Amino acid sequence: MELARSARDGDESAFEEIMRRYSPRVFRFASKFFKQRSLVEEAAQEVFLKAFTELGSFEGRGSMEGWLTRITTNTCLNLLRSSKRRPELTVSDLTEDQTDWLDKNLTDAATEQHQSTERSLVAADLAGRVLQTMPADDQLVLTMIDGEDASVKDVAEMTGWSESKVKTQAFRARRRMREAVEKLLAGRKGRRQELGSARS
Amino acid sequence: MRDEHIISLIESTSLANLSENELALIRVHAKGCATCLQAFEAAQVSLLLLKEQAAVQSASDLGPSPFFHTRVLAALRERQAVNDTWAFARLWRAAGALASSMVATVAALAFLTFVIPDTQVATISQASPNANSYSAEEVILDQAQSDDVSDSQLLTTIYDGDEEAR
Numbered sequence: 001m002e003l004a005r006s007a008r009d010g011d012e013s014a015f016e017e018i019m020r021r022y023s024p025r026v027f028r029f030a031s032k033f034f035k036q037r038s039l040v041e042e043a044a045q046e047v048f049l050k051a052f053t054e055l056g057s058f059e060g061r062g063s064m065e066g067w068l069t070r071i072t073t074n075t076c077l078n079l080l081r082s083s084k085r086r087p088e089l090t091v092s093d094l095t096e097d098q099t100d101w102l103d104k105n106l107t108d109a110a111t112e113q114h115q116s117t118e119r120s121l122v123a124a125d126l127a128g129r130v131l132q133t134m135p136a137d138d139q140l141v142l143t144m145i146d147g148e149d150a151s152v153k154d155v156a157e158m159t160g161w162s163e164s165k166v167k168t169q170a171f172r173a174r175r176r177m178r179e180a181v182e183k184l185l186a187g188r189k190g191r192r193q194e195l196g197s198a199r200s
Numbered sequence: 201m202r203d204e205h206i207i208s209l210i211e212s213t214s215l216a217n218l219s220e221n222e223l224a225l226i227r228v229h230a231k232g233c234a235t236c237l238q239a240f241e242a243a244q245v246s247l248l249l250l251k252e253q254a255a256v257q258s259a260s261d262l263g264p265s266p267f268f269h270t271r272v273l274a275a276l277r278e279r280q281a282v283n284d285t286w287a288f289a290r291l292w293r294a295a296g297a298l299a300s301s302m303v304a305t306v307a308a309l310a311f312l313t314f315v316i317p318d319t320q321v322a323t324i325s326q327a328s329p330n331a332n333s334y335s336a337e338e339v340i341l342d343q344a345q346s347d348d349v350s351d352s353q354l355l356t357t358i359y360d361g362d363e364e365a366r
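If you're matching them up, the sequences are chains A and B in order.
The first sequence runs contiguously to residue 200 in this note's numbering.
The second sequence runs contiguously to residue 366 in this note's numbering.
Chain A with its partners taken away, still in its complex shape:
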């Protein structure tokens, strides 16, 4: 609180200290939404610029960490909203590695087997591509709740949404993601059948 007060009064070194303390967390959080380092840095910079201008609204009731997390969430959401959404993803857009990954997981969908680092990277990339076709709010709830196991309450605190809004958003997001993946799987199954009949 003392640091915040000093920074609000124009003490640059106090603000620098706030950055030094909280930037790792801000970076960690922003990197959940952006893969490119430049985008993560851009988001983090915007977070601290916003934080500086809004220091007056920080009353010290909650933790500064929580306050900065909320700013980070909203900044990332705004950046995601302003970035162009990719059109629908089809099987023909996928790389060979990604189609292989789908094939492997289609035959053994029920098992969450441990995957090699390389296959994990392929999956993460594919997840990113699917998420990019979805609205920013969907990306946020899916990444946080299903990916990171965050609770509905946590997401509500981060975003400032009500818990019922988070639940509804997550329900819709899961449906969209499932439908997108279902289309990819159906496309992949169809292609395999075509290949099989061509061979026979």
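For the record, the hints were derived by calculation from the structure and aren't laboratory data.
Remember, it's a predicted structure, so these values are computed and weren't measured experimentally.
We put the CB at the ideal spot given by N, CA and C, even for glycine.
Any given hint could be a false lead.
The list that follows gives simulated cross-link-like pairs (lysine to any residue, SDA-like), each with its CA atoms no further than 20 Å apart [what the hints assert, rightly or not]:
#	chain 1	residue 1	chain 2	residue 2
1	A	LYS183	B	GLU211
2	A	LYS189	B	LYS231
3	A	LYS50	B	LEU276
4	A	LYS183	B	GLU241
5	A	LYS35	B	PRO264
6	A	LYS165	B	SER208
7	A	LYS50	B	ALA274
8	A	LYS167	B	ASN217
9	A	LYS50	B	ASN283
10	A	LYS167	B	SER212
11	A	LYS35	B	GLY263
What follows is a set of in silico ranges between Cβ atoms, one per label pair, in the way DEER data are often shown [to be verified]:
#	chain 1	residue 1	chain 2	residue 2	range
12	A	ARG8	B	ASN221	49 to 59 Å
13	A	THR53	B	TRP292	17 to 27 Å
14	B	THR235	A	ARG81	30 to 40 Å
15	B	TRP292	A	SER92	56 to 66 Å
16	B	MET302	A	GLU54	31 to 41 Å
17	B	LEU223	A	ARG8	47 to 57 Å
18	A	ARG191	B	THR235	14 to 24 Å
Assemble the complex: chain A is given as a structure, and chain B must be docked to it using the hints.
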């Protein structure tokens, strides 16, 4: 449960948070329902994708670069400078409106004080010789237009009465 589709169940919460009983129910239902089986498979793949993404991101753990703080402070100063310029521009615009209205008022007052009275004096001084030149004849004798009347006749007409009275 056998007759109900399980799609809403797999969407209401993360698959990872479903109990063993719920998962067993879903599996039993999915065996006899192709639509739900497809949805369940897709939900499992979705969850796996999201988990892999989270794992990869936490492993890569991007931290701030060494010059991050310096860059933010520079951006902050730049933004403040722009804000200051805007604040000055706003002040200037507000003050400019006030100053221009004051200048207009002073100019109007100066015009009323110096230019209008001069014009009136000039008009009066230009107009008075003409007025004097034929006012006496018009008013008293009503003979100003008559070229037959000489000056001596006029004087006689004016002053004869006075002399008779004496």
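Structure-based check of each hint:
1. Under the criterion of a C-alpha separation no larger than 20 Å, the hint pairing LYS183/A with GLU211/B is consistent with the structure, at around 17 Å.
2. Proposed proximity of LYS189/A and LYS231/B is supported: the alpha carbons are some 18 Å apart, at most 20 Å.
3. This hinted pair checks out: LYS50/A and LEU276/B have alpha carbons roughly 10 Å apart, not beyond 20 Å.
4. For the hint linking LYS183/A to GLU241/B, the alpha-carbon distance of about 12 Å falls within 20 Å, and the restraint holds.
5. Between the alpha carbons of LYS35/A and PRO264/B the distance comes to roughly 14 Å, so the proposed pair stays at or under 20 Å and holds.
6. A hinted pair counts as satisfied when its Cα atoms are at most 20 Å apart, and LYS165/A with SER208/B qualifies at roughly 17 Å.
7. Taken as a hint, the LYS50/A and ALA274/B pair is honoured in the structure, with Cα atoms around 14 Å apart against an allowance of 20 Å.
8. Pair hint LYS167/A plus ASN217/B holds up; C-alpha atoms about 14 Å apart against a cutoff of 20 Å.
9. Note on LYS50/A and ASN283/B: the hinted pairing holds, with a Cα-Cα distance of about 14 Å set against a maximum of 20 Å.
10. Taking the CA atoms of LYS167/A and SER212/B, the gap is about 8 Å. The hint holds against a cut of 20 Å.
11. A C-alpha spacing of about 13 Å is found between LYS35/A and GLY263/B, which places the hinted pair at or below 20 Å, so the restraint holds.
12. ARG8/A and ASN221/B have their C-beta atoms about 54 Å apart, which keeps the hinted 49 to 59 Å range intact.
13. Our hint of 17 to 27 Å for THR53/A and TRP292/B holds, since their Cβ atoms are close to 23 Å apart.
14. Under the hint 30 to 40 Å, the C-beta atoms of THR235/B and ARG81/A, about 33 Å apart, fit the expected range.
15. For TRP292/B and SER92/A, the hinted distance range of 56 to 66 Å is satisfied, since their beta carbons lie about 59 Å from each other.
16. For the pair MET302/B and GLU54/A, the beta carbons lie near 39 Å from each other, so the given range of 31 to 41 Å is met.
17. Under the hint 47 to 57 Å, the C-beta atoms of LEU223/B and ARG8/A, about 52 Å apart, fit the expected range.
18. Remark: the range hint 14 to 24 Å for ARG191/A to THR235/B is upheld by a beta-carbon distance near 21 Å.
The structure agrees with every numbered hint stated previously.
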